[in-house]
Amino acid sequence: MLTVSELTGLLRTSIEEQFSDIWLEGELSNLRAPGSGHIYCTLKDKTSQIRAVLFRSSAVRLRFALQEGMHVIVRGRLTVYEPRGEYQIVLDKVEPKGIGALQLAFEQLKERLAAEGLFDQERKKPIPAFPRTVGVVTSLTGAAIRDILAVLRRRWPTLHILIAPVQVQGEGAGRQIAEALADLNDWGSVDVIIVGRGGGSLEDLWSFNEEIVVRAIAASHVPVVSAVGHEIDVTLADFVADLRAPAPSAAAEAVVPVLVEIVERLRELTVRMGQVMLRHCAFERQRLDAGIRGLTDVRVRLQDAAQRTDDLVDQLREMVQQLLTSARKRIHEAQRDLSGLNPLLTITQGLATVPQFSKRLEGQMGVILAQHRQRIHATLAQLNTLSPLAILGRGYSILQTIPSRQILHRASDVEVGQELEAQLARGRLSCKVTRVCDDSIV
Amino acid sequence: MAAVKFEQAMARLEAIVGELEKNDLPLDESLKIFEEGIRLSKNCLKILEEAEHKVEVLVQDKNGKKRIHAYSPDDTADEPSS
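Top to bottom, those sequences are chains B and R. For the first sequence, the working numbering begins at 542 and goes up steadily by one. For the second sequence, the working numbering begins at 227 and goes up steadily by one.
Hints were generated in silico from the structure; no laboratory data involved. None of the values given here were measured: they were computed from a predicted structure. Warning: the hint list may mix true and false statements.
Beyond 10 Å from chain R on every Cβ pair, some chain B residues (computed) [stated by the list, open to error]: (1) T620; (2) Y628; (3) L843.
In silico DSS-like pairs for lysine-lysine, Cα to Cα no more than 27 Å straight-line [what the hints assert, rightly or not]: (4) B/K665 - R/K291; (5) B/K634 - B/K587; (6) B/K585 - B/K638; (7) R/K231 - R/K258; (8) R/K258 - R/K268; (9) B/K666 - R/K280; (10) R/K231 - B/K666; (11) B/K665 - B/K651; (12) B/K585 - B/K665; (13) R/K280 - R/K291; (14) B/K973 - R/K258.
Pairwise CB distance ranges, derived in the manner of DEER restraints [claimed, not checked]: (15) B/T920 - R/E261: 39 to 45 Å; (16) R/R238 - B/E802: 50 to 56 Å; (17) R/Q234 - B/R813: 16 to 22 Å; (18) B/R976 - R/E261: 16 to 22 Å; (19) B/G958 - R/L271: 37 to 43 Å; (20) R/G244 - B/Q844: 44 to 50 Å; (21) B/R976 - R/K292: 52 to 58 Å; (22) R/K292 - B/Y628: 31 to 37 Å.
Built from N, CA and C at the ideal position, the CB exists for glycine as well.
Extracted from the complex, chain B is given alone in its bound form (with noise of 0.2 Å):
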């Protein structure tokens, strides 16, 4: 006869020396997590079910979260719980079925930063075009730091580049990068920060996907570039880096331009610069040549003008003199006609008709020489308007020696303490030269 307590220990110790190390698959139902840190459930299949714990210094270790429903495969052993009698497995490892544990852990925290925002496109800083301070966090020991430094140096061999050594895998990695992110940016003057690390397996790259790393690089206020492993290792980091760089030299290659590139487009654009003004000059200078040359053709057409002028004014007085004479002439013959009828009568009056028909004869001229005028006035406006005079009005002016009046075109053609006549849209200034400088403008 077996006391209850005996039979229960007496299944207990068979159970454990049978069931000392098993592999079992099934489905988590009735998890449940109190604050002692163990984790209870339910393995079950279509048919059965066993109850399971993961005592707290396993469920630590876990890298992914459990869920209700979750296909897994489990090592552990079988004990029986003696208060209740029953018996149970207790979990030693707990994996997915069909997807590494690693990856799950991957796609959950993915998951859960995605759905917070970190990852998203309107959250990327921009890379500054020139950094003059570089921050590398990674590795003193590894390949990458040589390979960012050589790029680095190649590419701008005058940058300042501060490193922040870190572990980069193993205990602990994700805090010190983390620690390192913040420090660099404490530091003030970074413009940009490489994060990164050679190639590895899934699990020496695990750092990049904690969430300690994650949330470091998304609360960087300098803009980070991600340099993880090789093209088709994909962490975390690089969801949430405002770059992502394939590997550690191609991160060098993005965050500076080559300085021989640089200073050659300064160039060049400097050069272009100072053709585009030498061609404009030229071009200028030709447009006041030819407005040099319109002038001098306005000097001629109004001294056509005053010629003409002199000229009608000479045949109008022709014409009144000749009015005049004949005029007289006929005063006379009346005179002579009337002097056997009515002389004195005659004579009165026609000396009456001489002053008037002289006045008469005045007005008419004067009527003709303004009209005469006026149309020269309208002529010399027209040539006016059409006339280079204008480019004065825009503000150019003409250069003249004084007293020769040689239209100045090169600097070299005056000595200091010559006198010159600046002719402006309106009025002149006469200047004199206290400095002769023969450079082109460029």
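The hints should help you fit chain R onto chain B, whose structure is shown.
Chain R in isolation, oriented as in the chain B frame:
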């Protein structure tokens, strides 16, 4: 920040050259932006010349204070231990 200043200066310089090459400005305005362009070009060169080539390592000393020292390729002792 010098990096930003340089970037802006280069961008402005590109814009000025584009503007001048359009060839539709009066001479005095052309001259004005040309002078600005020459100034920018000189400033850019100055910034490039000023840059100092340094590779440094940011470390934490025993009191938890951050300091920097020059990097040497054999220098591997600076990683914080876990």
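Results of checking the hints against the structure:
1. T620: 35 Å, holds
2. Y628: The assertion about B/Y628 holds, with a minimum of 40 Å to chain R.
3. L843: Holds, because the least Cβ-Cβ distance between B/L843 and chain R comes to about 29 Å, which exceeds 10 Å.
4. B/K665 - R/K291: Judged against 27 Å, a Cα distance of about 31 Å means the pair is violated.
5. B/K634 - B/K587: 23 Å, holds
6. B/K585 - B/K638: 14 Å, holds
7. R/K231 - R/K258: Holds, because 21 Å separates the two Cα atoms, which is no more than 27 Å.
8. R/K258 - R/K268: 16 Å, holds
9. B/K666 - R/K280: Given pair B/K666, R/K280 holds - Cα atoms ~26 Å apart, limit 27 Å.
10. R/K231 - B/K666: 18 Å, holds
11. B/K665 - B/K651: 17 Å, holds
12. B/K585 - B/K665: Given that 27 Å is the threshold and the Cα spacing comes to 45 Å, the pair is violated.
13. R/K280 - R/K291: With a Cα-Cα distance of about 21 Å, the restraint between R/K280 and R/K291 holds, given a limit of 27 Å.
14. B/K973 - R/K258: Given that 27 Å is the threshold and the Cα spacing comes to 25 Å, the pair holds.
15. B/T920 - R/E261: 39 to 45 Å: 43 Å, holds
16. R/R238 - B/E802: 50 to 56 Å: At roughly 19 Å between Cβ atoms, B/E802 and R/R238 fall outside 50 to 56 Å, so the hint is violated.
17. R/Q234 - B/R813: 16 to 22 Å: Given range 16 to 22 Å: holds, Cβ gap about 19 Å.
18. B/R976 - R/E261: 16 to 22 Å: About 19 Å separates the Cβ atoms of B/R976 and R/E261, which means 16 to 22 Å holds.
19. B/G958 - R/L271: 37 to 43 Å: Since the Cβ atoms of B/G958 and R/L271 sit about 38 Å apart, the hinted range of 37 to 43 Å holds.
20. R/G244 - B/Q844: 44 to 50 Å: 49 Å, holds
21. B/R976 - R/K292: 52 to 58 Å: 57 Å, holds
22. R/K292 - B/Y628: 31 to 37 Å: Taking Cβ atoms as reference, R/K292 and B/Y628 lie about 57 Å apart, which means the hint is violated.
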